[in-house]
Amino acid sequence: MKKDPIQPYLIASAITAIPFILICLTAMIDVDFLTVIDQSIGQHLYQWGPAPFTTFVQSFTLIGNAQGIIPLTLIIAGIFYYISRKWQILLWIVFTILVGAGPVVALIKNIIQRARPSYVPHLVDQGGYSFPSGHATGAVLAWGTLAFLTWYYFKDKYPKMMPYLIGFTIFMVVAISASRLYLGVHYLSDIIAGWSIGATWLILCLNYFNLFIADRIALEDEVKDNNLKEK
2 MKKDPIQPYL
12 IASAITAIPF
22 ILICLTAMID
32 VDFLTVIDQS
42 IGQHLYQWGP
52 APFTTFVQSF
62 TLIGNAQGII
72 PLTLIIAGIF
82 YYISRKWQIL
92 LWIVFTILVG
102 AGPVVALIKN
112 IIQRARPSYV
122 PHLVDQGGYS
132 FPSGHATGAV
142 LAWGTLAFLT
152 WYYFKDKYPK
162 MMPYLIGFTI
172 FMVVAISASR
182 LYLGVHYLSD
192 IIAGWSIGAT
202 WLILCLNYFN
212 LFIADRIALE
222 DEVKDNNLKE
232 K
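Counting from 1 along the sequence shown, just add 1 to a position and that's the residue number in the numbering used here.
Heads up, none of these hints are tricks.
Distance windows between CB atoms, simulated: (1) H45 with D216: 42 to 50 Å; (2) L26 with Y82: 35 to 43 Å; (3) Q8 with L92: 21 to 29 Å; (4) H123 with I12: 36 to 44 Å; (5) L92 with Q127: 28 to 36 Å.
Lysine to aspartate or glutamate pairs mimicking DMTMM-like chemistry, simulated, CA-CA at most 20 Å apart: (6) K87 with D216; (7) K156 with D216; (8) K110 with D126.
Worth flagging that the hints you see were computed from the coordinates, not collected in a lab.
Backbone N, C-alpha and C fix where the C-beta goes; we use that ideal spot for every residue, glycine too.
Construct the entire structure; sequences and hints are all you get.
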């Protein structure tokens, strides 16, 4: 398998990092301006549905919690290890999702230390800092990784699945992220920054996959096929 050049990945990751950088710069220049915009949008999205809908929204936020992301990651890793029989795939999945949604987000949260919204009551218990949204970052990483690997292994067998795969991935990412606004525990800028960080980290990890894992898998499969032909 021919390696794609690294430059497109670096360009793509730089582009996806722009929203995060712009939000940080805006906060440094005029944090009140950013807060006014966040609160104005957040008030329109906060708890606008009936009680049963609030319960439904809470289910999406649970999927994005650590108690949801960790099992989901292990399930994804288990499925694609079973499909590929490659330990590299398993480790790559765990690293991509859990490191990106865990230590990377935690580091940024503790550097910026933005308090959670206080202009509305929180509809779920949520401690810690607000920026960026770990749920938004984790959603991009978990569902993005699942979408990529599904495409990688099944694109030849199901060539028309891509629009459905993209649609489902976008739905899950938006639903999990929007639940945080609805429940009053994040600002919109937290969500956008989370998407930005998640996409940037995912692209960098995809670059590693392309450069160091895909070729190795292809080579191992080629050797295995040659050995079978010789028998």
